[in-house]
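With the hints as extra help, turn the sequences into a complete structure.
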Amino acid sequence: MNSMGFSTRGSNSGGRKMEPKIQLRKEGWVRGFLKLSRNRLSLWGGCFLITATLLALLAPWLVPYPEDVFGAVHFEKPLQPPSLLHWMGTDEAGRDILSRVLYGARISLSLAVVVLVLAMGIGIPLGLCAGYYGGKIEQVIMRITDVFNSIPAMVLALAIAVALTPNLLNSMIAIGFVWWRSFCRLVYGETLSIKQENFVLNAKALGASDFHILFREILPNMSSSILVKVTLDAGFAILVGTSISFLGAGASPPTAEWGIMVAYGRHYLPHAWWPSLFPGLAIFATVLSFNLLGDGLRDFFGVEVE
Amino acid sequence: MYLLKRLLYMVLVVLGVSIIMFIVVRVIPGDPIAKALGPGADAESIQKIRIQMGLDRPIPIQYLHYLKGITQGNLGVSLVEYRDTAEIIREKLPATLELIFVSIGLGVVLGIPLGVISALRRNRLTDHINRLVALFGVSFPQFWTGLMVQLLFGYILGFLPLTGRISGPPPKAITGFFLLDSLLTLNFSAFQDAFLHILSPALVLCLSPLANVTRLIRANMIDEMSKDYTHVSQATGMSPWIISYKYMLRNAFSPALTMIGFLIPIMMGTAFVVEKVFSWPGIARFGADAIVANDFNGAVGVTLVISMAVVVINFIVDELYGVLDPRIKLRR
Amino acid sequence: MRTEAIVVIRDLGIDFETIDGVLRVVQGVSLTIGPGEVIGIVGETGCGKSVTAKMLLGILPMPPARVRSGEVILFGRNLFSMGYREREILKQQIGYIPQDPTSSLNPVFPIGTLMTDMLIWRRSGQRMREYLWMRRDRKRVEEAEADAAELLRKLYIPDPRTLLRKYPMELSGGMKQRVLLAMALSGDPRLIVADEPTTALDATTQKRTLALIQEKIHEGHLAGLYITHNLGVARLLCHRTYVMYGGTVVESGPTGILLENPLHPYTRGLVQSIPKLTGGVLRGIEGQVPDYLNPPAGCRFHPRCESRAAKCEEEAPPMLCQGKDRWVACWQYD
Chain A
1 MNSMGFSTRG SNSGGRKMEP KIQLRKEGWV RGFLKLSRNR LSLWGGCFLI TATLLALLAP
61 WLVPYPEDVF GAVHFEKPLQ PPSLLHWMGT DEAGRDILSR VLYGARISLS LAVVVLVLAM
121 GIGIPLGLCA GYYGGKIEQV IMRITDVFNS IPAMVLALAI AVALTPNLLN SMIAIGFVWW
181 RSFCRLVYGE TLSIKQENFV LNAKALGASD FHILFREILP NMSSSILVKV TLDAGFAILV
241 GTSISFLGAG ASPPTAEWGI MVAYGRHYLP HAWWPSLFPG LAIFATVLSF NLLGDGLRDF
301 FGVEVE
Chain B
1001 MYLLKRLLYM VLVVLGVSII MFIVVRVIPG DPIAKALGPG ADAESIQKIR IQMGLDRPIP
1061 IQYLHYLKGI TQGNLGVSLV EYRDTAEIIR EKLPATLELI FVSIGLGVVL GIPLGVISAL
1121 RRNRLTDHIN RLVALFGVSF PQFWTGLMVQ LLFGYILGFL PLTGRISGPP PKAITGFFLL
1181 DSLLTLNFSA FQDAFLHILS PALVLCLSPL ANVTRLIRAN MIDEMSKDYT HVSQATGMSP
1241 WIISYKYMLR NAFSPALTMI GFLIPIMMGT AFVVEKVFSW PGIARFGADA IVANDFNGAV
1301 GVTLVISMAV VVINFIVDEL YGVLDPRIKL RR
Chain C
2001 MRTEAIVVIR DLGIDFETID GVLRVVQGVS LTIGPGEVIG IVGETGCGKS VTAKMLLGIL
2061 PMPPARVRSG EVILFGRNLF SMGYREREIL KQQIGYIPQD PTSSLNPVFP IGTLMTDMLI
2121 WRRSGQRMRE YLWMRRDRKR VEEAEADAAE LLRKLYIPDP RTLLRKYPME LSGGMKQRVL
2181 LAMALSGDPR LIVADEPTTA LDATTQKRTL ALIQEKIHEG HLAGLYITHN LGVARLLCHR
2241 TYVMYGGTVV ESGPTGILLE NPLHPYTRGL VQSIPKLTGG VLRGIEGQVP DYLNPPAGCR
2301 FHPRCESRAA KCEEEAPPML CQGKDRWVAC WQYD
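Top to bottom, those sequences are chains A, B and C.
Going by the numbering used here, the first sequence wraps up at 306, each residue one higher than the last.
Going by the numbering used here, the second sequence wraps up at 1332, each residue one higher than the last.
Going by the numbering used here, the third sequence wraps up at 2334, each residue one higher than the last.
FYI, nobody ran anything at the bench for these hints, they're computed from the structure.
The calculated lysine-lysine pairs, modelled on DSBU-like cross-linking and capped at a C-alpha distance of 35 Å, are:
hint, chain 1, residue 1, chain 2, residue 2
1, C, LYS2216, C, LYS2166
2, C, LYS2166, B, LYS1246
3, B, LYS1227, C, LYS2154
4, A, LYS195, B, LYS1227
5, C, LYS2166, B, LYS1227
6, A, LYS195, A, LYS136
7, B, LYS1246, C, LYS2216
8, B, LYS1246, C, LYS2154
9, C, LYS2166, C, LYS2207
10, A, LYS204, A, LYS136
11, C, LYS2154, C, LYS2166
12, A, LYS195, B, LYS1005
13, C, LYS2324, C, LYS2216
14, B, LYS1068, B, LYS1172
15, B, LYS1068, B, LYS1048
16, C, LYS2139, B, LYS1227
17, C, LYS2139, B, LYS1246
18, B, LYS1005, C, LYS2166
19, B, LYS1005, A, LYS136
20, C, LYS2207, B, LYS1227
21, C, LYS2216, B, LYS1227
22, A, LYS136, B, LYS1068
23, C, LYS2311, C, LYS2324
24, B, LYS1005, B, LYS1068
This is the structure:
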């Protein structure tokens, strides 16, 4: 730096060092994380979900009145308002609502898992094939998807659930069956754009098998979109699931499922508001958390997911 | 030519829907009649009705029979109300359509300004509140929201009716939409009555389009702000109001339309619970009852009608897109 | 004709606030534009010339941008102490010719709508109520349309009436640029700001458009500010030119003299890197554009300068006078 040989006295203007300091732009993912943490709401959503999952998993040990969850009835103390004994009060059969709400978390969260696994299992392969192979296969798969898309999720899920005999498991299967279509469409769209990329063409030229290309080259590149979608859809799946139970085609009493808890509590409005309020609040909080987290992830990945 | 292709496509889709519903409702359950009539029915009457409804024939024949019926406008007899399904649907369809249109209208009318304001005051308090509100709206379980709205506005505050579509006599039926008919016949008391009744369920139902419209408009408006033509308009001193609401919004809104097209099926599904909670006499409530009661004619009929509505609305939305964005029109 | 300067910028400093920190995009920039003068600002991409221009036009998005120092006098009035309304009305006196004609016209509206909106808004005194009332008035709208057509005709556009009905995408690049020129001239401006207006056009259209712009500036005795990275264009059109680098002005002077005898090492490098018809080896300038997050101390060009000295690292050189209207920011001329 002193190529001219001028002497360098300590005349630093403003305390700057002699050599130009190179400040690294913050690393890509660090920036992303900073952005995410600015979005404090998303973090709250994530925290809540983690807490909820923990509570759900540990429920059998945490719940104050475990027998109330499985069918014990205490007709001597029906519809008691929230108190120190029963933080959320009791329902029409005298059961502790808090315990049942906690157990409901297990049910709803497992519903989300079942639905999404089913939906992804069917939708993703179909979408990949449709996008990758094109031609007749694409036409057939996408037309079928279009047909399924014309039936509202709720309607079809309800119909399938009833057709299979209404119970909790069947409602989960039914919703999963309905949900594959949006995964299929998303994956199809992404496949169409990704398959033009150079690394795919390279793999093809190198003679990679179709299976390899689809699952090892193309699929990982849409993992962020899929992750965002899964997060957001988990919430909506829970909404549909509880709605179906509310209508009477899902869980049946005495199962501690949020939807039927609201349904049964409905009869006792407006005097006893707690049997309906708390389960509904639980649904709301859970779905909201999924949405917050999903939104934050969407911003984080910079992804366009409808 | 293009229109013809579209029409054919729509027909095919509806046909596909009918096949699926048929399979779900008649094939899977085994013996739908027995289920529908309940455990109390005896074998003889079940058999009688089976023959009467043609369920002893093989499935494909049943389907063709059903198709033939559709072309004649006959959707079979509903086991829920023991009436002709087509008639039931014709009766109840306007109620659901009216509810959905009002809800979408509310959602759009409220959502656009919210989205624009959010974009203009980006990342400040107003923006965050708006986004939060929108997010909240989509996260509520609709049946629960319905109950809470009933509780709040019906019981506690008491200024909105609890259930039903209208308390007094309905206006003379011209379109079947109470709000429209009462205005057309200058029946203002009926209008007020119908309006108050539709507010609660519409409020619940509009949350979904509201949230989506707000978010989309906000995102699109933010895109628009960095567009060159916006800068040019600003440099010539154009009013920021005109720039926002005329220039930017026109570009920002078109995608929102397509999104509304997507939303309608979801809203139809949500209507199932909302109509139940508010005892709204629409096809959604009827459909829910029909499905749960194993009334296959009712179930399939309702689903067909809903799918047709969805397909038609999507078609209209696509055409409207062409009107708003001349580039599409010119490209065709 | 008034003799006060159209634009006087003194020691302007603009910061951009980003996630990574504060970018010092413009530092210590001083500039004047006299009445009827056409000034060029020359520099490579990212040197802050567009930012300065946008500041004048009033279209710099103020968060994230922030004016840190300096003052700007526009038409004799202090820009920063102006009220909102005054600023908006003043915009009428500055015509803007943007870089890319295709993205500068709103695609969903016909040209006529864009132009009449603008004309009616001005006529309503920039008041919303008047505007809305006037927009509904058939007579007013027709008047505005006639005026718009007249503006277009002055720019040698054949059959302007038909053009008004068309959408931007139906026009060629050159035609769009003329429309933008018409819009820029519509308010009877005293200053034209052109931001590399011909870079997006093909060579023949470029020539024609430049000639047109020059004609109009000359006709109306307008002042002009020309942003370009093309030295040839500057020589053709601009009386005086400022050379910017890294957010600072490094040299300024009458264009011909500046380019024939560049004083600042950077300018010299620029001139030398222009390919000549007579051939010869091209010489570029070593190094890279400075990082605005942490700009080099002292003179911003010193890391790339062949003739740098110790003083260059410590202190940023002020603009030193080297003759009439000739200024250089380099310690060599101290």
